[in-house]
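Undergrad: Please build the complex by placing chains B, C and D with the ligands on the supplied structure of chain A, with the hints as guidance.
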Amino acid sequence: MFSGFPLFPERASTVAGEVDALYFFLVGLSAFFALLIAGMVLFFAIRYRRRSPSERPQAVHGSLALELTWTLIPLGIVVFIFIWSAQVFFGMSRVPKNPMEINVVGKRWMWKVQHLTGQREINELHIPVGVPVKLTLTSEDVIHSFYVPAFRVKKDALPGRYAATWFQATKPGRYHLFCAEYCGTKHSGMIGWVTAMEPAEFQAWLAGGAPGVVPAVAGERLFHELNCVTCHQADAGARGPDLAGLFGSTVRLQGGGTVVADELYIRESIVTPTAKVVEGYQPIMPTFTGMVSEDQILSLLAYIQSLKAPETKAAPPPAAGALDPKAQDVTKP
Amino acid sequence: MHEQHVVSPRIYFAIFAALLLLTLVTVQVAAIDLGEPEIFFGKRVPLNVVVALVIACVKAVLVILFFMHVKYSPRLTQLVIGAAFVWLFILLAVTLSDYWSRGWVGGNPGT
Amino acid sequence: MSANELPKKNYLNADYGVASWLLTKDHKRIAILYLISVTLMFALGGLFAAAIRLELLTPAGDLVSSEDYNKIFTMHGVIMVFFFLIPTVPAVLGNFLIPIMIGAKDLAFPRINLASWYMYMVGAILTLWAMVSGGLDTGWTFYTPYSTSYSNTQVVIVGVGVFIIGFSSIFTGLNFIVTIHKMRAPGLTWFRLPLFVWAHYATSIIMILGTPVIAVTILMVAAERLLHLGFFDPALGGDPVLFQHLFWFYSHPAVYIMILPAMGVISELVTCFSRKRIFGYPVVALSSLAIAFLGFLVWGHHMFVSGQSTYAGMIFSALSFLVAIPSAIKVFNWAATLYKGSVSWDTPMLYVFGFLGLFTIGGLTGLFLAALGLDVHVHDTYFVVAHFHYIMVGGVVMAYLGGIHFWWPKMTGRMYPEFWGRISAALIFVGFNLTFFPQFLVGYLGMPRRYHAYPDEFQVLNVMSSGGAAVLGLGYFLPLVYLIGSLWYGKVASANPWGAAGLEWQIPSPPPTENFAGQPVVTEEAYAYDTMPQEAFGG
Amino acid sequence: MASPTTGPRSLLAHHFADLGEQKDATTLGMWLFLAQEVMFFGGLFLVYTVYRFNFHDAFAAASHHLDVKLGAINTAVLIGSSLTMALAVHAAALGKRKQLVVFLLLTVLLGSAFLGVKVVEYADKYHHHLVPGPGFSGEALHLEGDRARQAEMYFSLYFGMTGLHALHMIVGIPILLALAVKGWRGAYSPEYNTPVEFTGLYWHFVDIVWIFLFPFLYLIH
Ligand code: HEA
Ligand code: HEA
Ligand code: CUA
Ligand SMILES: [Cu+2]
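Residue numbers (our numbering), protein chains in the order written: chain A, 3 to 335; chain B, 10 to 120; chain C, 6 to 544; chain D, 6 to 226.
Here chain A stands alone, though its shape is the one from the complex (with noise of 0.2 Å):
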């Protein structure tokens, strides 16, 4: 019966025990001051009842010492808690040297969860265990959050820009995947399940279902059909800078001031270019908003992701099951 009726939600993820201990330290701080608070009230309550409606207690105006005791001892606790549970959100925030990398698109009322190996998924995300895996998210309209209980992660796709989130899973298993930002009608029926499978398992899966284009492959197909190519070339009269080697490297900016070429700048360098504007370079580049769906942003994303800077230029957009990450250092502030 029991099994129906779970009171604490399954550990798969490696973030999952932290946050459990900070959750069961907080329950047991609450427990003891809770108890503590409901005592002295209580006891003093019946201790000191009224016993004839005449009574006249003494006045007691207050004591400096109990009135510092009680600032002071929580003040220690909150600080505590505070330095700990930044500490377990800092882990989160930052994303671990190569990950593995999945673009999520939110809308309404379906997460489209699109593999750099091709594979795309509706509801529903396939991972390995024991990878960290980066989500890129973003929404395609109003504001989703994308949430698995089990692995204890959760951040809000926002339209118009990028979040990251990452987790490890810990367990093979199929998990619950909420969206946890309230989106309009179906926000209840958007749900899905997020799979963690042994590597192994993994690999058979990517070989199994028929994989779609690579999204590398996808965003060089459209960086030609959207003529990117003629403005964006490695010759040194071309109109706009050669963009192999840009991702994570550092741009110099019209007017000064520089930008590390991350995923926002690159989407916004795509939907607003003239945001931006790269030193020794004219505002000319068109802007691609409305043409471009977010997961075609998110293909030339992956493109531009993978031109490597011209020494290593040979290397190839990563080739359909591979599991190699990526060789960009994106942890690098």
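Worth flagging that the hints you see were computed from the coordinates, not collected in a lab. A few of these clues could be false.
As the list claims (entries may be wrong) - Below, in silico cross-link-like pairs of lysine-lysine (DSSO-like), each with a Cα-Cα straight-line distance of 30 Å or less:
| # | chain 1 | residue 1 | chain 2 | residue 2 |
| --- | --- | --- | --- | --- |
| 1 | A | Lys114 | A | Lys310 |
| 2 | A | Lys278 | A | Lys310 |
| 3 | D | Lys101 | B | Lys80 |
| 4 | A | Lys188 | A | Lys278 |
| 5 | A | Lys109 | A | Lys173 |
| 6 | D | Lys130 | A | Lys278 |
| 7 | A | Lys99 | A | Lys173 |
| 8 | C | Lys13 | C | Lys30 |
| 9 | C | Lys13 | C | Lys110 |
| 10 | C | Lys110 | C | Lys30 |
| 11 | D | Lys74 | D | Lys130 |
| 12 | C | Lys110 | C | Lys345 |
| 13 | B | Lys80 | D | Lys130 |
| 14 | B | Lys80 | D | Lys187 |
| 15 | D | Lys187 | C | Lys30 |
TA: Chains B, C and D with the ligands in isolation, oriented as in the chain A frame:
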């Protein structure tokens, strides 16, 4: 404190002249490019904006102190105005600190 | 005055007829107008809550459609927050008591006070109109771009309603601050004020400096929908997170608008029913101001996973922990006040016991939410729902009901039936815990909020919650019946039935129109139970 | 500004101890109202600031379209109206009836001039399809694509902020006129002139908002 403090009209005219002058200055300065030196924690600061804001603040303070008699008002009134601007500062500064610190954590564009 | 006869002339019978009420400038009558209006709104919000709990009895979304469910929880939230909990204690008890507690004849601006009630009514009527003409389905948080570009419901009408009631709140706060500053009786120094007055002073600061921001934000949302101005629209490059900053800049402090007056009520009740001075008066008084100020620095704790920067999240988290400290201080001081007191177990005190327990739990679970790494998991789950109901229903509503029972004889001149009072307090306490404790568990399990249908394994806890809500509903229904009944059948109350200190107990029940026959002069600190004349205790 | 004080016949409301207490109370109330107004406009200024940093170039280009000369003239006009308002309050405090009325009317005149210029400016925006919405076009700014959309954001803020500011003036002008009429009839004296004083505070506040709007909207190239 219910007696009104009567300010001489001369002061009003002086303030009026100062305000006009400052308006002129701010318009003139806006036409010159003062550049954006890196003077704030290595960040670039557009000096034109700084100058325009400082002038606007000076003008506002003049209006508040003299036209609105706050220079001669009780402390409580001054406190109320002070509080309003402190709260405004909280709203602006704390929100902007979010935008300021976006992207500081490596590998994660969303934060 | 004989013991079973109401005073000949009081504020209730000073004048007759509907117009004498609708055009009154007497703060006590305006308080009664508010009492009636907020009670109606509470009943309506409660009806929506009942619908939510009925729907969630089964995992499938089978009772109402998804659209309707979304409208139901939205209207529940909007009504409970804006039209019930924010105005309730200040507008009913604060309005009635602040002038009396400080020895004044009325609030500083009686006409503005009446105007505030009309603004409340206009806002409420607009919202009700929206409710019957398409409803609202954005959640009480109005997040963009859903509210600006996607919702097909009456966002603008409710927005205007919230805008107007916002100004009702601003003017109430303005009235309180001026009154407290300028109209205190001779001898009533700041540190002799009842803590109820301090709490309302702190609340008023938030009302005046926070509410305009939500007003202008809602205005921007409405302008975006109506006039196609773009402020938050991602299609124009707008940032939905900016809306969240603006919204929570008000709406976090707003939770302190709700809790601070309730804390003021608790201070009055704890002292009266233990016949003690408050333990650590200056600390309790100043902690209200500390909460009001610090409360403006923590709003980003609602946005830890929203795409706000990691470092901003850390600052907001640290400050959220800090704002918990003054609340903790208050709780300890109330508990210490009971020490060696003469503690009675009358109905209002039962509500105080309930408040102390439930607010502590609600506040402590606030620490879970302020803890960054943990909030990532529980954000937007039922854990949050449980947290805020513990504070808002277990805390504020409990305190409000305690206050209503305590001052009922003053307001109406009649006693309520003590037996039924105790029964209902117990029912509410039990029903409340049954309703909302399971939600902590189901929240940590991962059940997201605002879900019309949910996975099967969450059902048992949801059924418990719905069962509890039925008990809770009954618990709320009882006071409605016996309090109204007491208007005719209640025992006539004396001027000071509780043996309480405070100026309000030195005038007849119900008080005359201008409260005091002459100008009262205060010579003592608040809660001087040790020096009160023995007759007050009836001994 | 609706002043909470009762009319001249019953100078003292029943619930105040004396006129001094009443004056203190209403003054504090008026200032709290203005504090509230600061936060009200503060929300808009925040939105402006965030987007100004995000879309620096488009905002600069859009602001180029505004006529700095008209903006500067309007600033001067509004400052002038603040001066006449201050002088009106001064006249009221000294009980100079005619001066009071003249200065009030001058304030109305300058305020209307300001609004007149705004109408001209708005008409210009309308003419150039710079009113946000489906009809918006960046052509007049030589902007297209995403920059045009950012410029639309700029004009949303432009209309939102100047619109609310103008609304405050539109509320103020009838109040000034009413004061002028009452002042002519001799309602105000050195002992009682609170309504004039408070309207003055309100008017100066509106002036201050413009003092910030002018550089924000017109001078940010
Ligand atoms: C009256 C209303 C009220 C009050 C007073 C509070 C008080 C607090 N709240 Fe709560 N809160 C809400 C109403 C309220 N809240 C609502 C409505 C929401 C959801 C909004 C929505 O999304 O719809 C919410 C959501 C919410 C969140 C966001 C959760 C999320 O969406 O992910 C957070 C995060 O930090 C939070 C924290 C706190 C904290 C730290 C306090 C503190 O002030 C609590 C302080 C009190 C105590 C700490 C108790 C006393 C303690 C002791 C006596 C023991 C000793 C103490 C220590 C060891 C410190 N609240
Ligand atoms: C003051 C605030 C307040 C109060 C008092 C309550 C009271 C209750 N609330 Fe709620 N609640 C909110 C504020 C409040 N709530 C907010 C802000 C939200 C978030 C909305 C959002 O997500 O946008 C929320 C959301 C919310 C949810 C989550 C919905 C979802 O996310 O899908 C649930 C679910 O159980 C719930 C339940 C209840 C229950 C059972 C009560 C009970 O306490 C109510 C008990 C009362 C009654 C059952 C009626 C009482 C009866 C009478 C007075 C008699 C008169 C009646 C008749 C004559 C018919 N509330
Ligand atoms: Cu998508 Cu909720
Ligand atoms: Cu909060």
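Undergrad: Given the hint that lysine 13 of chain C pairs with lysine 110 of chain C, does the C-alpha gap stay at or below 30 Å?
TA: Since the Cα atoms of lysine 13 of chain C and lysine 110 of chain C sit roughly 19 Å apart, the hinted pair holds (cutoff 30 Å).
Undergrad: Is the hinted pair lysine 278 of chain A and lysine 310 of chain A satisfied, with a Cα-Cα distance of at most 30 Å?
TA: It holds: about 22 Å lies between the C-alpha atoms, which stays within 30 Å.
Undergrad: Between the alpha carbons of lysine 80 of chain B and lysine 130 of chain D, is the straight-line distance 30 Å or under?
TA: violated, 41 Å
Undergrad: Given the hint that lysine 101 of chain D pairs with lysine 80 of chain B, test it: the Cα-Cα distance must not exceed 30 Å.
TA: Satisfied, since the Cα-Cα distance of roughly 24 Å is no more than 30 Å.
Undergrad: Is the hinted pair lysine 110 of chain C and lysine 30 of chain C satisfied, with a Cα-Cα distance of at most 30 Å?
TA: holds, 11 Å
Undergrad: Quick one, are lysine 99 of chain A and lysine 173 of chain A close enough, alpha carbons at most 30 Å?
TA: The given pair, whose Cα atoms are some 21 Å apart, holds under the 30 Å limit.
Undergrad: Between lysine 187 of chain D and lysine 30 of chain C, does the CA-CA distance stay at or below 30 Å?
TA: Between lysine 187 of chain D and lysine 30 of chain C the Cα gap is close to 26 Å, so the pair holds against 30 Å.
Undergrad: Going straight from one Cα to the other, do lysine 114 of chain A and lysine 310 of chain A come out at no more than 30 Å?
TA: Distance ~28 Å between lysine 114 of chain A and lysine 310 of chain A Cα, so the pair holds.
Undergrad: Within 30 Å, alpha carbon to alpha carbon, are lysine 74 of chain D and lysine 130 of chain D?
TA: Holds. Lysine 74 of chain D to lysine 130 of chain D sits at ~16 Å (cutoff 30 Å).
Undergrad: Mind checking the alpha carbons of lysine 188 of chain A and lysine 278 of chain A for me, to see if they're no more than 30 Å apart?
TA: Status violated; Cα separation ~37 Å.
Undergrad: Need the status of pair lysine 130 of chain D, lysine 278 of chain A: alpha-carbon distance at most 30 Å?
TA: Since the Cα atoms of lysine 130 of chain D and lysine 278 of chain A sit roughly 27 Å apart, the hinted pair holds (cutoff 30 Å).
Undergrad: For lysine 110 of chain C and lysine 345 of chain C, compute the direct alpha-carbon distance and say whether it is at most 30 Å.
TA: Violated, at roughly 36 Å.
When held up to the earlier numbered hints, the structure conflicts with 4, 12, 13 and fits the remainder.
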